[in-house]
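Asks: This is what each chain is made of:
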Amino acid sequence: MPAVPLTVEGASVLHQMFRLKWAAWKAATSQEREEAIAEATSTLEEMEGRESAVFSLLGHKGDLLFLHLRRSFEELNEAELRLARLKLSDYLEPTTSYVSVVELGLYDSSLRLYGGLLERGLRPGSPEWEKEVEVTLEQHRKAMAPRLYPSIPEGRYVCFYPMDRKRGETVNWYTVPMAERRRMMHEHGEVGRKYAGQVKQIISGSIGLDDWEWGVDLFGDDPVSFKKVIYEMRFDEASALYALFGPFYVGIRLQAKGLGGFLASTDVSNHLIQK
Amino acid sequence: MPAVPLTVEGASVLHQMFRLKWAAWKAATSQEREEAIAEATSTLEEMEGRESAVFSLLGHKGDLLFLHLRRSFEELNEAELRLARLKLSDYLEPTTSYVSVVELGLYDSSLRLYGGLLERGLRPGSPEWEKEVEVTLEQHRKAMAPRLYPSIPEGRYVCFYPMDRKRGETVNWYTVPMAERRRMMHEHGEVGRKYAGQVKQIISGSIGLDDWEWGVDLFGDDPVSFKKVIYEMRFDEASALYALFGPFYVGIRLQAKGLGGFLASTDVSNHLIQK
Amino acid sequence: MPAVPLTVEGASVLHQMFRLKWAAWKAATSQEREEAIAEATSTLEEMEGRESAVFSLLGHKGDLLFLHLRRSFEELNEAELRLARLKLSDYLEPTTSYVSVVELGLYDSSLRLYGGLLERGLRPGSPEWEKEVEVTLEQHRKAMAPRLYPSIPEGRYVCFYPMDRKRGETVNWYTVPMAERRRMMHEHGEVGRKYAGQVKQIISGSIGLDDWEWGVDLFGDDPVSFKKVIYEMRFDEASALYALFGPFYVGIRLQAKGLGGFLASTDVSNHLIQK
Amino acid sequence: MPAVPLTVEGASVLHQMFRLKWAAWKAATSQEREEAIAEATSTLEEMEGRESAVFSLLGHKGDLLFLHLRRSFEELNEAELRLARLKLSDYLEPTTSYVSVVELGLYDSSLRLYGGLLERGLRPGSPEWEKEVEVTLEQHRKAMAPRLYPSIPEGRYVCFYPMDRKRGETVNWYTVPMAERRRMMHEHGEVGRKYAGQVKQIISGSIGLDDWEWGVDLFGDDPVSFKKVIYEMRFDEASALYALFGPFYVGIRLQAKGLGGFLASTDVSNHLIQK
Amino acid sequence: MPAVPLTVEGASVLHQMFRLKWAAWKAATSQEREEAIAEATSTLEEMEGRESAVFSLLGHKGDLLFLHLRRSFEELNEAELRLARLKLSDYLEPTTSYVSVVELGLYDSSLRLYGGLLERGLRPGSPEWEKEVEVTLEQHRKAMAPRLYPSIPEGRYVCFYPMDRKRGETVNWYTVPMAERRRMMHEHGEVGRKYAGQVKQIISGSIGLDDWEWGVDLFGDDPVSFKKVIYEMRFDEASALYALFGPFYVGIRLQAKGLGGFLASTDVSNHLIQK
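Protein chains in written order, with the working numbering: chain A, 1 to 275; chain B, 1 to 275; chain C, 1 to 275; chain D, 1 to 275; chain E, 1 to 275.
FYI, nobody ran anything at the bench for these hints, they're computed from the structure. Fair warning: there could be bad hints in the mix.
Identical copies look the same in the list; a pair holds intra-copy or inter-copy alike.
Listed below are the simulated SDA-like cross-link pairs for lysine to any residue, each with C-alpha atoms no more than 25 Å apart in a straight line [to be verified]:
#: 1; residue 1: Lys142; residue 2: Trp25
#: 2; residue 1: Lys166; residue 2: Ser151
#: 3; residue 1: Lys166; residue 2: Gly189
#: 4; residue 1: Lys21; residue 2: Ser89
Just so we're clear, the structure is a prediction, and the values are computed from it rather than from any experiment.
Model the full structure from these sequences, guided by the hints.
Replies: And the structure:
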């Protein structure tokens, strides 16, 4: 039985975190500021139509988070370069970023498929095996297309963090039999489902693309719900034993058309997304 | 028996650490400095009425610590943006920050409730179970409101640090049975109570919100009492085995109205809070 | 039986990651920009003939990656210095780099040779032994010259990461018998061969030259194939137990002649390598 | 038997490490430099009378180390602010710092006292217990006052480093019985006493105050003696098993009156402390 | 039997790594550059006579490495300050550094001496014992003077890295009996001797002086020989189990008189040391 669960991949994802150089921004003339805002607003409004979103981050890790979902890495790179060329970007300092692709893991399907193929006497890695795998993957890609190329959920808040599965000297996810991993992922998923009404998630894979194995985006209307779901999950076996967490980012959604107000006034609550 | 202790959440909390750009500050004209001080003082005085406080930090990690407790993340973000727009902030460089929410853990209540519900034959996670849990949480939120939305204690000094519970390969807080964890938290709390007359604390949770699981603020009139209580706690089982500590920050409280003196003179002791 | 597998070494390799100072670049006059582009394009075109390549990186780790393969460290240093002297480099900020030499590991050949020499009664490390080793190495260097001094593969995307073999307290690659390591490297190689049509790789060694033991470059026409091959490998014994991964970089190939367009326009896809 | 050894605390301690901005310093006019030197010299001369000292650090971690011992954190903060307001500080860039209080650990006394109180039937933590503890502490504070508020030793060189006691999964200082810890600290102390003629030390505690548990300052007339004593200690049980070391800083003492020469000439040896 | 092997110490050693601010350097007038080069060349030529050397580093960790061997820390500090005062240093940015003293470990001699003294009934640490130890050390200092105060070897390339001996929870160098450590160091040394014709080394100790326990400098005419010797050593017991490696730096030797060419032209190979 092969150890590797099948996955299907969808949208290319880029998170960009920036700090605003407030002193330089305030030192600009009001004409410079207005031009920068007008240009940025118009670019971002267009980008919102192509699955980009802007968030006001809390704390020193950044003031703005841009999240882009695209059809290819070229389109991600183009989004990145368009932002870099904005006048506004002269006042932005990149603090960090994250590159990934939307991913759906197929533990159940993998076990069923592998079991069936083995019963039929196929050898893992043989041309027939690989062909059957590709057929199954293609079916899932089609059936799951809406989840592979999702719209950015409308929640008022975002929580983003990258994570790994541990490969410790005795506790090592990658040496656990697949059926065990499936069982743990099920248990893990059940906690998620409990919060389905409060928190929407997008899971993206980043092995080979960035420094952690996965990225997790949560969207919801109450930031405490992020804490609650992640805390509850921390006690399930998959997380308690095997999860290694990177930095956490939490932000409040801005509309492109609210960016100017955000940059100009102190009353941030006026510029947040209204459902 | 579910493994997750109930918690209730209150005020949203932001710690902001800044280094003062002394060279630029000294190079400013006295009019610029006076205007910056007047504006900052008036803003901070108003903020003090909404649970913000300012501290002079010791060492290179920052010169000023702003602590904000608010009703929502929008209000936190607004506080952050108001500071960013101050003239004074042109002379401030963010060094770090921390985002969290005031949290009270309910080990005793959780064990009692879960035990009772199980006796009544309820299934964890079932609608009835969740309803009973929500009723209990709501009772605690009401009863504990003053502790969930606290005033910032008046101690002359502050000590802030974030911390995790360890998830090692053999020593893992999240796999310890809840009754064991409760026992350890009790022992831990007893040390705290011994110092209750000297040290006030605010515990905030930051899972999903920042890079550590909890933030701890201690307030007191003798900085050595911070060392004493944390050292004594380090020998209790919850800390000795399971605590992982982040960086420590220690500061001396300033009044908003003392900020100008702090920025202008060398005699800091004149500008500290007087009880 | 000596524990050290034979290796043969080839081209000297330097990866250079740079962030573009967009604000300064945009603030330059169009004449300055044109001169910088013309000079850089001509230098890079010449360098492309000597096994250098340029990539547009995704994310904040850098905007441009220069990859150089050369005959010696002096030539690498010269390439580095030539770039540093370009007008364009006034707008580039180094973020990181990696120094290594192309390496081919010879587990099979080592075991065969060592076994034969031991049978002949030679003592490891004796002059006769070392002479036979050198003869074998020289044979491999000749036979493998094209792989030791490779051309940079033409894939549209690059993935670069450094890695170590773990030396944990109980899981330690360097104490595993050589035959065991060979077995694991074979298994590891089989996964690689499965993706041979999609992903080309260059392995370079960096013990004594940079902070990790090896550098891995993957080239391919689909960035998801990087994720797939590395994910699948993560379950083989050599990786699951013994691999320690550094940061990952992913980029899109630029042609030297496309650099100007890349720097001037927002439509990056026009400037990518066309096969 | 309580696990926590008694400690008594004395002077508040601040280490400040700065890098000199040589280019800016050299670009200043000679009048600016002379004024900055005159002001800094006079301030530091006055501070030397209040237990401050200046050292020329080796290597890139800093050019100057200021060490302050004071009666309170307010006085430390004032020292820090006075330095920040010096003209010279426009040419100084803080690299790091350390906040602590002089601490003497009382293992022997703790065991004797706890044993006696238990024999008398007192309960740890009871009011009677705490009262007896306070009486003992007060006796030690008086008897040890000269060591709690020490003068800065006169050695030509300083070595500073912070350290922790390990809390590993199996090797954990905080779970070792107190009598065992006392035995190890004795053995540790014996090594120290062997070097008493060559190296003077000040131990300060920083739990709750900075990122490590203790700070160690060594003073002596031969920097190799620092290496010798720390190397020898590394083999005693307390260090071999339980010590975790932070960064090390080594410097050469300057007199305030030698600061001008240090900043102006290349012959540093003229400006070092002469015994 | 004491656990601490005797060591003798020699020259004080400082490694300084700098990045060249190429943009500022290129923006300087040719007169400024010529003056800076002339001054630096003359200073470095004089320093070469006192055991300093300059290397062109590969990669982003630095452009230039200055290595100084001196008779005292004051002389090291003076060398550092002389460089800081050069006009050239306005274009140099320190990236890192390393402080140490040349050290020779005396495992064989220690075991012989300790064994003999114990046979004579002397007590470790007693005055007689310490006197005999000092006599032995003094003998070694004299006999080994040329190795304690070495000239910088002439190899075309340098490799520098710091390292520790591990103190893990189960694998801990400092708890291994001395005879075992001697055996491992012998095995380790044999690998080194195999490469004696290709690689010269200087070992320096830095416990108490910098952040790692030892610094290693290798000099040779083929950078691949650094990789080969360190890779082969990685399989010996002392390294496989007990070595913890810091960052690696690799450079090409420059002559002081070649510095101008290095800074002015792109053909670095002209300016390298010629044997």
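Asks: If any of the earlier hints don't hold here, list their numbers in rising order.
Replies: 1, 2
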